[in-house]
Amino acid sequence: MKNVYGPVWVIAEQRDCRIRTVSLQLMGQAQKLAAGLNTTAEALLFGNLMEHHVRPLFAAGADRVFLGSNPQLAFYEPEIYVQAIVRLAQEHEPEIILLGSTAMGRELAPLVAARLQTGLTAHCTDLVLDENNILEQRIPAYGGLLSIICPQKRPQMAAIANGVFPMPEPDQDRSGEIIPVAVPEDVSPRLQTLEVVHQIPDEIPLESAAIVVAGGAGAGDPDGWRQIADLADALNAALGCTRPVVDEGWAPLESMIGQSGRMVSPELYIGVGLSGEQQHMVGITGAKVMVAINNDAKSPVFDQVDYGVVDDCREFVPVLIEKIKAYQKNQVTC
Amino acid sequence: MINLVVCVKAVPDPQQACNIRIDPVTKTLMRCEVPLVLNPLDKNAMEAALELKEQFDAHITALSMGPLDAEGIVRECLALGADQGILLSDRAFAGADAYATAYTLATAIAKIGPVDVVFCGMASSDGSTEWVGPEIAMFLGLPVVTMVEEIVECRGPQWKVKASLEHGYRLMQVQLPAVFTVTRELNTPRALVFSGIIKARKKLIVRWEIDDLGVPAEAVGLKGSPTIVSKLTTTESKREVEILTGTREEKAAQLLRKMVDSGVV
Ligand SMILES: Cc1cc2nc3c(=O)[nH]c(=O)nc-3n(C[C@H](O)[C@H](O)[C@H](O)COP(=O)(O)OP(=O)(O)OC[C@H]3O[C@@H](n4cnc5c(N)ncnc54)[C@H](O)[C@@H]3O)c2cc1C
Ligand SMILES: Nc1ncnc2c1ncn2[C@@H]1O[C@H](COP(=O)(O)O)[C@@H](O)[C@H]1O
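Chain order of the listed sequences is G and P.
Numbered per the working numbering, the first sequence finishes at 334, counting up by one with no gaps.
Numbered per the working numbering, the second sequence finishes at 1265, counting up by one with no gaps.
Everything labelled a hint here was simulated from the structure, so no lab data went into it.
Small disclaimer: the values here were computed from a predicted structure and weren't measured.
One or more hints might be untrue.
Unchecked claim - Stretches of chain G that chain P covers, calculated by requiring three or more beta carbons in the stretch to come under 8 Å of a beta carbon on chain P:
1) 27 to 40
2) 90 to 96
3) 108 to 117
4) 164 to 174
5) 186 to 200
6) 323 to 329
C-beta atoms are modelled at their ideal positions from N, C-alpha and C, and glycine is treated no differently.
Just need the whole structure built from these sequences, with the hints factored in.
Written out as structure tokens, the structure is:
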């Protein structure tokens, strides 16, 4: 019997033959959605890969994996990927396609969506099936949540950031079918990747940090920003920021936390000089203790944290740093 | 001569605190008057085109879809040095999602004639999907590179560009015509100068409506959008805040204590 619903797909991503975390998180979520629709969860994966590289996708919930492997695909090749994905989608008619909100995913998603003439949603922080089994794609906005749906066109497509969904408990006993996909041997003459360079970041990665210090527009100027960076340093914390900080050029886009940035879930979050705007706050998922420092007692950020300090951060942060340093010194000496 | 199109969007001024909010009672959007400005990243897209025009014989078209008020940002692009401004404005275009926006812009670009490069910002500050640039490329059947942070080689029909990746970059070779979406790192947008503003007054802004594009009403605006907003909900915080009080020193000491209690400091 044929399923009423097509499969739920994840366009998985690998780097140096390792499946990226966000793809595994999405695989876990895809499995849940697939169960709700009584269909299968499937992944598409491209690269210069061997069958064993695929295993984590099965452990995370894939029932089948379409594997496109050849030496030309050591790098992400947009034109080949799009062609292959579109062809497979036309053949298998997936109900849903999920992609990671990575540099690759954010480029591929609109290319595939436009070719399949369907809708696509960015920055989702939750995906649920509504009473008609339509995918409700929830996005924080305007101090609340917007639910976006793609009622008529299929597949329903969404890009989701790393950390929105939890890492599924890997089930090493699960396995499934690997379906080899024929991909063109030649790269497109119109567009090709000549080189990919990864720099190893020297700062503490936001996603795995136990403490995250995030600064906002309240920093005021580069000096104010440096103080917040010093606070992060003193606490051995990862440093994040809000959008105005990126706009001002105090910190790089990669350190922006929130809906269109990174998702963090630290033990301790300290928000300094930021207003607690939804689009930032949704980036802090499941933090244990949350602190805000803001000079406006009425700031909405205080409704969303456990401890609040009403003060000018430019005055308060240096004092706090001193206290932290004194404490750390005592810890070491006694 | 090379033909450049820069897609520019009018967005509510991100500097202005007044935010659109969901009315907790009616669950509809409460709008407030915020002036429209040129989307910040589209300034980088304009700058990319202007720098090329300094090197080559180039013609720049600034293209925007938006309400009539968006004319101001098209005029600004003319003042920066664009040769021509086109504003796609029609009630039928309203309510477009990224797909319908890209379709409408792509149709206009096809009407403009042979184009060598289309520049877009990486993202708009209000929609911020990052989809419009690549979707334009698909509708036009052109190659696209997103998040361009450096134009390494731009002589002849094969360009080399660096595009940003998480902690790194990729070097791409692209056959023109092509679409590029640009990042903040690509350049530093120039400021408006008075002589430019004066010159722009004489330049013409063309307005195209749905009939000028010759597209069916079902293909544009809300009707042409595969995605719709189905619900608006307000969210409530689950945390109860304790405001620390006392002198600055005391507050810092208390905060440190709370942080130590959390077990990670
Ligand atoms: C589609 C879309 C996506 C977005 N995605 C993101 C995202 O992913 N991440 C993100 O961060 N933003 C995002 N934004 C922007 C977001 O809406 C807010 O504009 C932004 O988070 C606000 O940053 P802020 O709190 O630093 O600045 P503001 O809202 O300007 O707040 C500054 C705060 O600092 C306080 N302050 C001022 N001076 C001082 C001082 N001396 N000492 C202490 N406090 C002080 C003020 O009281 C105020 O509360 C997005 C917006 C849109 C439209
Ligand atoms: N209405 C519009 N008119 C012109 N260009 C647009 C419009 N909407 C989006 N763009 C272009 O697409 C880019 C990305 O927008 P977005 O997909 O909304 O993040 C912008 O930086 C613009 O270059």
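Each hint tested on the structure:
1. For the segment 27 to 40 of chain G, the stated coverage by chain P is not satisfied: 0 residues place a CB nearer than 8 Å to a CB of that chain, which falls below the threshold of 3.
2. Counting residues of the segment 90 to 96 of chain G whose C-beta sits closer than 8 Å to any C-beta of chain P gives 0, which falls short of three, so the coverage hint is violated.
3. Under the rule that three or more residues need a Cβ within less than 8 Å of chain P, the assignment of the segment 108 to 117 of chain G holds, with 7 such residues.
4. Counting residues of the segment 164 to 174 of chain G whose beta carbon lies closer than 8 Å to any beta carbon of chain P gives 0, which falls short of the minimum of three for the stated coverage.
5. With a threshold of 8 Å between beta carbons, the proposed coverage of the segment 186 to 200 of chain G by chain P holds, since 13 of its residues qualify and at least three are required.
6. By the rule of at least three residues with a Cβ nearer than 8 Å to a Cβ of chain P, the coverage given for the segment 323 to 329 of chain G holds, with 3 such residues.
In summary, the numbered hints that this structure violates are 1, 2, 4.
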